[in-house]
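Residue numbers (the numbering used here), protein chains in the order written: chain P, 1 to 171; chain W, 172 to 558; chain C, 559 to 970; chain R, 971 to 1133.
Wrong hints could be hidden among the right ones.
Restricting the straight-line Cα-Cα distance to at most 16 Å, the calculated cross-link-like pairs of lysine to aspartate or glutamate (EDC-like) are [what the hints assert, rightly or not]:
(1) Lys167/P with Glu726/C
(2) Lys538/W with Glu244/W
(3) Lys14/P with Asp136/P
(4) Lys479/W with Asp354/W
(5) Lys709/C with Glu244/W
(6) Lys245/W with Asp1106/R
(7) Lys1105/R with Asp13/P
(8) Lys219/W with Glu1125/R
(9) Lys1105/R with Asp1016/R
(10) Lys538/W with Asp895/C
(11) Lys709/C with Glu197/W
(12) Lys245/W with Glu1029/R
(13) Lys1105/R with Asp509/W
(14) Lys167/P with Asp641/C
(15) Lys709/C with Asp509/W
(16) Lys1105/R with Glu240/W
(17) Lys245/W with Asp121/P
(18) Lys219/W with Asp1110/R
(19) Lys1105/R with Asp425/W
(20) Lys903/C with Asp641/C
A few chain W residues that don't get close to chain C, going by computed Cβ distances all over 12 Å [as the list claims (entries may be wrong)]:
(21) Pro208
(22) Leu311
(23) Phe387
(24) Arg388
Hints listed in this document are in silico derivations from the structure and should not be mistaken for laboratory results.
Fair warning: this is a prediction, and the values are worked out from it, not measured in the lab.
Where a beta carbon is used, it is the ideal one built from N, C-alpha and C, also for glycine.
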Amino acid sequence: MGVTGDQIAAACDKVPGGGYILARLDDVLNWARESSQWPVTFGLACCAIEMMATGAAHYDQDRLGIIYRATPRQADLMIVSGTVTKKMAPVLRRLYEQMPEPKYVIAMGNCASGGGPYYYDSYNTVRGVDLVVPVDIYISGCPPRPEQLLDALIALGQSYKKEHALKLARG
Amino acid sequence: MPLRDFRIPEFDAPEVQLPTGELAHETTIVSMGPQHPSTHGVLRLMLKLDGESVLQVVPVIGYLHRGTEKIAEKRSYAMIVPYTDRLDYISSMYMNLGYVRAVEGLLGIEAPPRARVIRTILGELQRIASHLVWLGTFGLDLGAWTAFIYCFRERELILDLFEQICGARLTYNAIRIGGIVADLPAGWEDGLRAYLTAQEQGLRDYEGLLTGNPVFRARIEGIGVISAADALNWGLSGPSLRGSGSTFDLRKDDPYECYGEVDFHVATADSGDCLGRYEVRIQEMHESLSIIRQLLPRLQEPGEVQTKVPRVLKPPAGEFYAHVEAPRGIFGVYVVSDGSANPVRVRFRSPSFANLSALNTMCAGMKLADVVAILGSIDIVLGEVDR
Amino acid sequence: MDALRNLAHIIWYFIAAHEVLRSFVVAVCSLVFMLVIVLIAIWMERKVSADIQNRIGPIRTGGLLGFVLQSMADALKLLLKEDLRPAGADKWPFVVAPYLVFVPAFLVYLILPFSATWVPQDLKIGILFYSAVSAVPALGIAMAGWSSNNKWSLLGGLRAAAQLISYELPLGLAILAVVLLYGTLEMKGIVAAQWQHWWMDLITLPALLIFLVAGMAEVSRAPFDLPEAESELVAGFNTEYSGMRFATFFLAEFSASFFISALAVTLFVGGWSLWGVDIWFAQHVLHMDPSTWNLAAPASIPFIMKAFWFFVFLAKSFVVLWILMWLKWTMPRLRIDQVLNFGWKILLPAALLNLLLVSGIGAVLPRLSKPLTATQDVAPIHIDDSVGLAPVAQTPPPLPPLRDDVPAPGTP
Amino acid sequence: MTTFAQLTHDQRAHLTGSEEAGGVWCLTTDPRKVRALLEGLRPAFDYPEDLTCIDTGGELRVFCRLWSTAQRQAVHVSLTIPRSRGHLPTASDLWRGYEWQEREVFDLFGVQFDGHPDLRRILTWEGFPGHPLLKDFVVDNDDSSWEIPEQTDQEIIDLLSRE
């Protein structure tokens, strides 16, 4: 509110040694983002069941600090778990647009990544959710195992390290 | 690839003319879903509310309509089996079984005895797994988180057993035309026995957590009542129908595989409300365990698990309708062949589709929170509603 | 070195001498305390739920320091998020609502007696202050629901308004029973009375149950979490809130949960006292002389005991909080009409009945309510080795002169 | 207990053909007689199991399957209608379960059911071009032509606004 991350970053750049402070600040913020990834509760099809299984006792996503939020407003990422149909695509896009920046998308499973078994001969399937929203991580599998989803979430967390968290801040 | 640009449809409620006069109030139209925590996927309910009371529910479906029936017209008979996995993805085994039985009927062949025993066991395991997902999500709908985690704990054990047979956790493609994919791996029966013991303890856990809980009972007793006659008229099937007192169960009424040879009773409840449907499913899990126990000795008998079928299936021209009692109700498959390698038409009659159609009837006069409970109690899977 | 010490003295003098400044410092301290408590409470919630559900809970972040780092990461991340305001939202109510919920949630900490003499702001009308302030969040929640331009939020806001106001009554009546019994509105006095007469807690046991149930509804914890019922209203009144504003709601919710536990401990479970065990411990293990302690004279009580009581208080509060969590993770949610029916038809009559009962008991025990009208009147306890805790003297002995804790400016 | 012979005898006037295949009674009829046939079947066959349509290439065959819970007996009723603008009387007042099934047949095949209380598209959306399960509905496997037609909720809103 008021001051954006960009302005803080610009101010830091002017101070001698500010670059170092900025880098460390980014590290801390990226650590925070990595440790607290909240996906939106959004299941489309078969993969959603594996997504639920990932949250259950056997795999326990909460170990990584991952909790599901029902409203897109409080979510950091969207796990597109299942086939996206043309009827669903506008809703999915709206959901994505309702999420606050910075936001990420995981395309879970073959259907979300590229249409999967419904690529050919289906009149209602979107052949890959990347036609609708930008995707950061693709997971193969039909459906992927919970371990794969966990791996993707960890990989996404690691990828934050390349970003300037402060410049992404809009708070 | 650039993102497609399209207009996002706005949901605009109609302009409401504010009523005037004393005690004036207006109704609200709320769109629940397609993304909502308790619509079990991508169902959308349009609710007409008067405060918290529900006046009308209009389910809007098709958000997961993938055109499976159209795709099936372009595939060979064996290639359709994996697509059936993805209809009711919570009970894929049963979807396989339904379709495979239809094609077998068309071909006039039958699976070998050992395959039929294994199919029955897999089917009942799948029924328990499916009911566990239902119980967990039903608990979630009512705000009881812990039951969900408990149910998934035992479900993992079933998935491990399935995985040993076919290598997949959810979409099995394990029941094939003329048999099953492979014989049981060594040691599978021991795993099954260990699971049966664990599951019995698990069932005690869930019941301890939910059945006697006064809050849980208060939430579901007398909610979403539908009479047996109404339920039949609406085409309800499975536990949603038996919760109203009907004993209609294809495992008894039109036995297939080994169901004619095992002893079990059809679980029913008379109340016709959410509690009745809950009790039926809990009883069914006990019955399924008993069916599996009865069939366990027959796993010792060696034998083939696959009849010889040609590589390219060309059934004679004709049609066949097969139906099985899937965990959610009657799953019917209607296959029409013209003698070529691809079917003319494959029709999937999905239980959830019919069960969902009666939602408005059940929700009359209920509160908003009850809609969630009722929807949870009829246990729909959007994959098979939309197909 | 001397200059520094002088400076410190001057600052201390200023702080002590100026009531406003002192209040400000106290407020900041209690805010920090609240934030730390909330961080721990959130982590505890996740761990307790994990334990109940056969899971492990957060382990990856922070290692052994996870109890504060995990929640810190969540807060930092939320700070970073874009702060969205929906297109049709009512700007000012939308912006103000989180703070209307948050500020009362930490203001009430001011009146909590954390230890025998450690009360951030010792109000004579402590409980009245709580009753007044705790009614404000209902307004904030209703405002958030109303201004979000979202029907789920609106339903959540309306539910909150109905529920919070309904349960305010049994909550107030349960507190009233305590006030009636001890004859004081001052938190310190209530705890002191329990410290001296531990069996009083048994009389207020029904009131404790009523208070806990009403309190759970008041802070909207399961099974009364209807205003934000996830499976029904998506996220209820905070559906449209993101980033820091959502974090504010989140903090306020956990802060209120802890506060309800702490208040229950203060009013019904003996507060910082340990039912006489603390006295016995001080006397026989630490070889102190409790007969010289005077609650009106803070300096007469050794620091170690105050610290000990502080930890007793925290431990008790967290135990009560754990019970609330235990209930939350094993109970389904009630329906709105059931919640209101329960509040008006069962809890309120029960609270009234309890009030009647307690006033009857209060009439039988006249000497209790007599000398305890204010803390100043609390007599020093006299320990009789043969009896243990002696009853309060009919006529309080003269108070020892108050020692001036504040050093004069300039004195080294 | 109705037997097949008894059934066909009672219903002869409404039938164009009948056979018993694999324990299932298969009846064929035509669009004008179907309503009377179904009304006659209603008392015995209380469960509406399925209703669908098959595009054989030449014409559409509408197929319905009923089940008698008392008799444990299935009956298939089928009839053919022309490909375009086929009209049929609705059966949704006899079996409420057919209400959605008929909507689905309307949606995917374009068969009109006269007297249906709420004949809207069900699986596809309002304004979907064509009826996808007809054999002449061409599915485009090419990505580049993918586009989403306008989707509105007007029909649902109208339905809900009705008193």
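Outcome of the hint check:
Distance hint between Lys167/P and Glu726/C is unfulfilled; the C-alpha atoms sit about 45 Å from each other, more than 16 Å. Under the criterion of a C-alpha separation no larger than 16 Å, the hint pairing Lys538/W with Glu244/W is inconsistent with the structure, at around 44 Å. As the CA atoms of Lys14/P and Asp136/P are separated by approximately 33 Å, the hinted pair breaks the 16 Å bound. For the hint pairing Lys479/W with Asp354/W, the CA-to-CA distance comes to about 15 Å; that is within 16 Å, so the pair holds.
The straight-line distance between the Cα atoms of Lys709/C and Glu244/W is roughly 44 Å, outside the 16 Å bound, and the hint therefore fails. A threshold of 16 Å between alpha carbons decides the hint, and for Lys245/W with Asp1106/R the separation of about 13 Å falls inside it, so the pair holds. Of the supplied pair hints, the one linking Lys1105/R and Asp13/P is violated, its CA atoms being roughly 66 Å apart against a limit of 16 Å. Only pairs whose Cα atoms come within 16 Å are accepted, and Lys219/W paired with Glu1125/R is accepted, the gap being roughly 14 Å.
Straight-line distance between C-alpha atoms of Lys1105/R and Asp1016/R comes to about 33 Å, which puts the hinted pair past the 16 Å bound. The suggested pairing of Lys538/W with Asp895/C holds, with an alpha-carbon distance near 9 Å, which does not exceed 16 Å. Our distance criterion of 16 Å between C-alpha atoms is met by Lys709/C and Glu197/W, whose separation comes to about 14 Å. Note on Lys245/W and Glu1029/R: the hinted pairing is violated, with a Cα-Cα distance of about 19 Å set against a maximum of 16 Å.
Taking the CA atoms of Lys1105/R and Asp509/W, the gap is near 14 Å; set against the 16 Å cutoff, the hint holds. Note on Lys167/P and Asp641/C: the hinted pairing holds, with a Cα-Cα distance of about 15 Å set against a maximum of 16 Å. Proposed proximity of Lys709/C and Asp509/W is contradicted: the alpha carbons are some 53 Å apart, above 16 Å. As the CA atoms of Lys1105/R and Glu240/W are separated by approximately 12 Å, the hinted pair is consistent with the 16 Å bound.
For the hint linking Lys245/W to Asp121/P, the alpha-carbon distance of about 7 Å falls within 16 Å, and the restraint holds. About 38 Å separates the Cα atoms of Lys219/W and Asp1110/R, which puts this hinted pair outside 16 Å; it is violated. As the CA atoms of Lys1105/R and Asp425/W are separated by approximately 34 Å, the hinted pair breaks the 16 Å bound. Taking the CA atoms of Lys903/C and Asp641/C, the gap is about 42 Å. The hint is violated against a cut of 16 Å.
Distance check for Pro208/W against chain C: the nearest CB is about 5 Å away, which does not clear 12 Å, and the non-interface claim fails. Under the 12 Å C-beta cut-off, the non-interface status given to Leu311/W relative to chain C is violated; the minimum distance is some 6 Å. A cut-off of 12 Å between C-beta atoms contradicts the statement that Phe387/W is not in contact with chain C; the least separation is 5 Å. Separation of Arg388/W from chain C is inadequate, the least Cβ-Cβ distance of about 9 Å not exceeding the 12 Å criterion.
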